[in-house]
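> Protein sequences appear in the order of chains A and B.
Using this note's numbering, the letters of the first sequence correspond one by one to residues 1 to 670.
Using this note's numbering, the letters of the second sequence correspond one by one to residues 1001 to 1248.
Possibly wrong hints are sitting among the right ones.
[Unchecked claim] So the derived list for chain A, only partly shown, Cβ under 8 Å to chain B, looks like this:
#1 50
#2 51
#3 66
#4 131
#5 175
#6 241
#7 331
#8 477
#9 496
#10 497
Think of the hints as simulated: they come from the structure by calculation, not from any bench.
Ideal Cβ positions, reconstructed from N, Cα and C, are used throughout, including at glycine.
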Amino acid sequence: MALDSKVPEGPIKDKWTTYKDNINLVNPANKRHIDIIVVGTGLAGGSAAATLAELGYNVKAFAYQDSPRRAHSIAAQGGINAAKNYMGDGDSNYRLFYDTVKGGDYRSREANVYRLAEVSGNIIDQCVAQGVPFARDYGGLLDNRSFGGVLVSRTFYAKGQTGQQLLLGAYSAMNRQIARGKIEMFNRHEMLDVVKVGGKARGIIARNLITGEIERHSAHAVVIATGGYGNVYFLSTNAMGSNATAAWKIHKKGAYFANPCFTQIHPTCIPRSGDYQSKLTLMSESLRNDGRIWVPAKIEDAKAIQQGKLKPTQIAEEDRDYYLERRYPAFGNLVPRDVASRAAKERCDAGFGVNATGEAVYLDFASAFERYGKEQAKIHGIKNPSKEEIIKLGQGIIESKYGNLFQMYEKIIAENPYETPMMIYPATHYTMGGVWVDYNLMTTVEGLYCIGEANFSDHGANRLGASALMQGLADGYFVLPYTIGDYLSNDIRTGKIPTDTPEFDEVEKEVKDRIDFFINNNGTKSVDHFHKRLGKVMWDKVGMSRNAKDLTAAMAEIKAIREEFWKDVKVPGTADEMNVELEKAGRVADFLELGELFAKDALERNESCGGHFREESVELDGEQKGEAKRNDEEYAFVSAWEYKGEPADAVLHKEELEFKDIELKQRSYK
Amino acid sequence: MNLTLKIWRQKDSQDKGQMVDYKVTDISEHMSFLEMMDVLNEQLVNTGEEPVAFDHDCREGICGMCSLYINGEAHGPDRGITTCQLHMRMFNDGDTITIEPWRAAAFPVIKDLIVDRMAFERIQQAGGYISVNTSGNTQDANSLPISKHAADEAMDAATCIGCGACVASCKNSSAMLFVGAKVSQYALLPQGQVEAADRVKNMVAQMDLEGFGNCTNTGACEVECPKGISLENIARMNREFMSANIKG
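From just these sequences and the hints, can you work out the full model?
As structure tokens, this is what we get:
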């Protein structure tokens, strides 16, 4: 099947408006007869469910948590971008579009990104109207801060809990619809497969996680909003339950999976401490506004620190290597995430890492304390303040900006980050790749949509900070509600979709058979055993830096782990009760397939771009020596994989990317 | 360190349930409490026993899913954190740790340490929102200046993660800190004023219907709240409720 992105004709600035003016609409009376299933209730799914219900459709929403408000969007800390230009620093829709395409290393679809920028401002309006308590200045207007990879301040925030506040906002909109009966909420339910009737997505099979009951749900369209697949690494900043099952199941039913190798390793996470570690914790990128990243300049100092013989505060200013400021003077500590992560790895691989494992760098706030302290002293008219007074005043400002993050750090590491620099190291955080969708956010299966992090479309090979929240809410509040209407306008006479059909029988049987297999397998090793092994292969061979030899080996190793998993996995308990190990088994089975496709995609893409760094593709000389080398002539396309049984047999379809409005350039943050 | 765990095991909502003893060894002080529970569960799975079911998800203190009552305290002995942020350095080698689910009539046990907190969701559905159309056709965000003070106070209330520690800590199983926080967020903002009276009346009515107890101002909820939600929110809710009823 040839890929058709269905991007409307016309100038980029007019595409979305023209599109909206010309699509088919569903009359309000008919919407009452149309059902939509939304799987996943984070920012994308939650906002979509609320908006679709507001429009009048009957929505069935599914979450594996006990409430939509617990989806992992809640953990997003730093903020949400919008091209409001409230700061008057020259921001515009075009600049947000440009920054996002450039930040994504020219591997995203221009028309989707422009639309994202275009609706970004409206997201803020909607959220404020819902009562989201964004940070404000003393004049009562909204405050902004700056994030990596851009030269303006366009990030709106609510302390270090922006994701939480936006999700509570979307959930409040859902609650209004739940109360009206327009959203039927299925908490503690997990989608285990999609049901197609006549080639169209017409329902899902879900498991009630409390009773173990397998349920059939039908609808005229199905929306997947289940987030990314970062937990393929076992350790990531994702929630423990975050999984790729819905996305992978629809892939196996015909939805192409795009750019799996585009995965973001976030530079500022708390380093790991031992093998028992269950997850990694992010420290918001916003900290890079005020923190300076460094390692010791002398290898002997680094060794002494690793052995616990020296403290960071004992190292003189001239013996510190602020390597981001050194390598990238224009952007300094605010280079995009992929660049910052690789730079940290480079220093640690060279032996300059700073904790016992040698895998950490410092994020130091000392100069911010001083800078803010001096400003505060001036504001409060304190004459000749002592150094201690200045530091104290400055710490107060930092506390008001990032207090919760500092507290979180102190609880985990048991060190006070006001007194000694934080230690950070990169960790898997976000997946730019995902289910392939066209301009309508429809997958290659008719009537099956995919939104938010679960799709691939807007961030290319690297996502800029504070853009995930923007994309999730843009898709849910402002894009999908239009595009899905155009599709559903053909369904006004269809009537209710029955669930007592052979199509539902068949898929339900597949689901039940798989559950029975796990319960009766009587293996010897736990699900986590296999998940951890998969994660290690992914991190070591398909992590921040990749090469053909390791990727080939990774594919074989993952396949071997998968085969062993199916032979030897042990799931205690029964199918018809709450069974956490059974839930995990299904998810890890899917990660074991996805991981191999991920490695295959990384192997196929022999260029370095964004979060995907191939050691074979670096600049050999000139100012950019050693930096990632993109290859636009051969790889300016989206890799969309078609499922053919084994992941290794997946067939590649290419969506060529055209850049009409932005000139393809090497990203330079120097 | 080596520990003895006394854990509440209950097969399902119908089962009577009981405390069961377990031993775990070689626990690192750098582990989080839930990582210690993972070690126990791995041990149980390997010996063919059913692992202990407990709610958890983000493991960074924000989703509000985790909910253990540890040694008689919601979220354990440390302050200002959730169970997933509790670290084993708070315990000593040889300790016996008692782990129970939230205990409240309105939070029935689903399995082991997992309870049903749907009562909180129904309270929010009774009015915890602003009735603005979810269509984006609203006014520009900056056309409504809000004093920094009010916005910050609303934010403080809005940081509630709805975990239920307040209910579990209260001798009356009162949900007033939770409901107070939700009412306050909107009461403090101009957007929430239009429906303020109906909101507080409906949410309080639903709270009573769910079977939560009343507030007797012991302040235990505030002490155990992982997000530091202040008792002021209960006072504000009471004020809002009174004035809503007086105005009719």
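> Run every hint past the structure and note whether it holds.
Tested hints:
1. For residue 50 of chain A, the interface hint holds, since its Cβ comes within 8 Å of a Cβ in chain B; the closest pair sits about 5 Å apart.
2. A cut of 8 Å between beta carbons decides the hint on residue 51 of chain A: the least distance to chain B is about 5 Å, and the hint holds.
3. The closest approach between the C-beta of residue 66 of chain A and any C-beta of chain B is roughly 6 Å, which is under the 8 Å cut-off, so the hint is satisfied.
4. Using the Cβ-Cβ criterion of 8 Å, the hint placing residue 131 of chain A at the interface with chain B is satisfied: the shortest such distance is roughly 5 Å.
5. Taking 8 Å as the C-beta contact cut-off toward chain B, the hint placing residue 175 of chain A at the interface holds, the least distance being around 5 Å.
6. Checking residue 241 of chain A against chain B by beta carbon gives a least distance of about 5 Å; that is within 8 Å, so the hint holds.
7. With its C-beta approaching chain B no nearer than about 28 Å, residue 331 of chain A sits outside the 8 Å limit, and its interface hint is violated.
8. Taken as an interface hint, residue 477 of chain A checks out: its beta carbon lies about 6 Å from the nearest beta carbon of chain B, inside 8 Å.
9. The interface hint given for residue 496 of chain A is violated, since its Cβ lies 25 Å from the closest Cβ of chain B, which is over the 8 Å cut-off.
10. Checking residue 497 of chain A against chain B by beta carbon gives a least distance of about 25 Å; that is not within 8 Å, so the hint is violated.
Violated hints, in rising order: 7, 9, 10; the structure is consistent with all others.
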